[in-house]
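S.K.: As you go down the protein sequences, you meet chains E and W in turn.
Its first residue numbered 1, the first sequence is counted upward by one per residue in full-length UniProt numbering.
Its first residue numbered 1, the second sequence is counted upward by one per residue in full-length UniProt numbering.
Since no wrong hints were added, every one of them can be taken at face value.
Pairs of lysine to any residue, SDA-like flavour, derived with a Cα cap of 20 Å:
| hint | chain 1 | residue 1 | chain 2 | residue 2 |
| --- | --- | --- | --- | --- |
| 1 | W | K104 | E | N183 |
| 2 | W | K2 | W | N25 |
| 3 | W | K104 | E | M175 |
Among the chain W residues that face chain E by a calculated CB cut under 7 Å, a handful are:
| hint | residue |
| --- | --- |
| 4 | M87 |
| 5 | I90 |
| 6 | Y101 |
| 7 | M103 |
| 8 | T110 |
Chain E residues, not near chain W, derived (Cβ > 10 Å throughout):
| hint | residue |
| --- | --- |
| 9 | V44 |
| 10 | A61 |
| 11 | V93 |
| 12 | P209 |
| 13 | G252 |
Everything labelled a hint here was simulated from the structure, so no lab data went into it.
Note that the Cβ used here is the ideal one computed from N, Cα and C, for glycine as well.
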Amino acid sequence: MLGPQQSFASPGAVNVIGALLEQRTGQQIAANRAWRIETALKPVLREHGLDTLDQLIARLAGERHGPLADAVINALLNQESSFFRDAGVLEMVAEAALAIQAEHPGRRLRVWSAGCSVGQEPYSLAMLFEELAVSRGLAMPEIVASDVCPQALVRARAGRYSQFEIQRGLPVRRMVSWFDSENGEWVVRPELAKRVQFRCHNLTRDPAPVGKFDIVLCRNVLLYFSASVRRSVFDTLHAATRDGGLLVLGAGETVIGQTEAFRPSDRFRGFYVADSGQASLTRAAVR
Amino acid sequence: MKTCLVVDDSKVIRKVARHILETLNFTVREAGDGREALDSCLEAAPDVVLLDWNMPVMTGMDFLRALKESGIAQKPKVVFCTTENGMAYIRAAIEAGADEYVMKPFDRETLQSKLQIVGVA
Ligand SMILES: C[S@@+](CC[C@H](N)C(=O)[O-])C[C@H]1O[C@@H](n2cnc3c(N)ncnc32)[C@H](O)[C@@H]1O
Numbered sequence: 001m002l003g004p005q006q007s008f009a010s011p012g013a014v015n016v017i018g019a020l021l022e023q024r025t026g027q028q029i030a031a032n033r034a035w036r037i038e039t040a041l042k043p044v045l046r047e048h049g050l051d052t053l054d055q056l057i058a059r060l061a062g063e064r065h066g067p068l069a070d071a072v073i074n075a076l077l078n079q080e081s082s083f084f085r086d087a088g089v090l091e092m093v094a095e096a097a098l099a100i101q102a103e104h105p106g107r108r109l110r111v112w113s114a115g116c117s118v119g120q121e122p123y124s125l126a127m128l129f130e131e132l133a134v135s136r137g138l139a140m141p142e143i144v145a146s147d148v149c150p151q152a153l154v155r156a157r158a159g160r161y162s163q164f165e166i167q168r169g170l171p172v173r174r175m176v177s178w179f180d181s182e183n184g185e186w187v188v189r190p191e192l193a194k195r196v197q198f199r200c201h202n203l204t205r206d207p208a209p210v211g212k213f214d215i216v217l218c219r220n221v222l223l224y225f226s227a228s229v230r231r232s233v234f235d236t237l238h239a240a241t242r243d244g245g246l247l248v249l250g251a252g253e254t255v256i257g258q259t260e261a262f263r264p265s266d267r268f269r270g271f272y273v274a275d276s277g278q279a280s281l282t283r284a285a286v287r
Numbered sequence: 001m002k003t004c005l006v007v008d009d010s011k012v013i014r015k016v017a018r019h020i021l022e023t024l025n026f027t028v029r030e031a032g033d034g035r036e037a038l039d040s041c042l043e044a045a046p047d048v049v050l051l052d053w054n055m056p057v058m059t060g061m062d063f064l065r066a067l068k069e070s071g072i073a074q075k076p077k078v079v080f081c082t083t084e085n086g087m088a089y090i091r092a093a094i095e096a097g098a099d100e101y102v103m104k105p106f107d108r109e110t111l112q113s114k115l116q117i118v119g120v121a
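Next comes chain E alone, as it looks inside the complex (with noise of 0.2 Å):
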């Protein structure tokens, strides 16, 4: 049997390899799951006609930014989402969107989904605001998503979604109602694409997108940041959220301990409060 021993990449292409991994995304391979990397990039080695990890380190060297680093970090990223995962978790985004728009009738609310991968979570957030449109009164709001990997918002804008990711958490009647079949795979209808802006944006790099936001979901992307990336990376999330405005974090994940710039709402447990003028503080207290 191949153990992860007998690998034919050599320790030092591990670390360069990662460490491009977390230049590029602020992402760091644990030490237990780096002999996964090869297993990941096999299908780009194949693709590029390269055979080892050494040899596709040389071409790298040549080319830092081109589609053959993309396809490296498309690989190596964790990308697994599903259509309204956790589902209670949406379910109170929804109500807070309506307490929101309550407290600030005529207001159009916005909505970012940072790390959105291939586009559920913006999507079920969609399907979401536009039931609540018609149940509710909701005013539909603007949706921006976003991610640092462009093969993934390739996908996205596409919504093009094989049959197994289109089974996970989508309820038959929602899959019904926004979604067409096409040989065999489900494809967002324009009507609900239209709600969901993408872009693409790094957490660790790129200033906060300009105007705030009532409601941010950053869920399930802050978990292989180091420390201080993730702290930087609060303060980032807290720049586009509105004084007062909501972070939605994924299940085990927590903002307690790690940044003054957010508290636990009172009012929507397990979502977090932006804090007026905190972020500078904790800025401060870094350096």
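Given chain E's structure and the hints, the job is docking chain W with the ligand onto it.
M.R.: Leaving out everything else, chain W with the ligand in the frame of chain E:
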């Protein structure tokens, strides 16, 4: 523990479904067609029925209609599980009262997710 009745004329499919359902902590019963399934439901209603479409004796659709008219007090949830993956079939199933729909082939995660959606897992 919840009970799931697996209705499929293929023994292999029933076996695969049983295996997955048992790992999800279900008590599993089996039926080879709609008629057997109806009898089984009349004897003791399960929490959920995993229902194939094309079967001899009584099809999934006919079973669904018969179940509706059977007067069983605690109606089980019904999840179609079929290779009929076209939009027209899916719409017809929803119209006839199916709660969820699984397109074959399926895996553990698909099944678990659909059972969660109907509130039995
Ligand atoms: C595990 S997925 C989570 C998707 C979705 N939020 C969910 O919870 O289902 C994490 C996503 O974060 C993205 N990501 C990783 N590092 C990022 C960064 N520095 N900036 C923006 N997105 C990043 C990855 O490309 C991936 O698509």
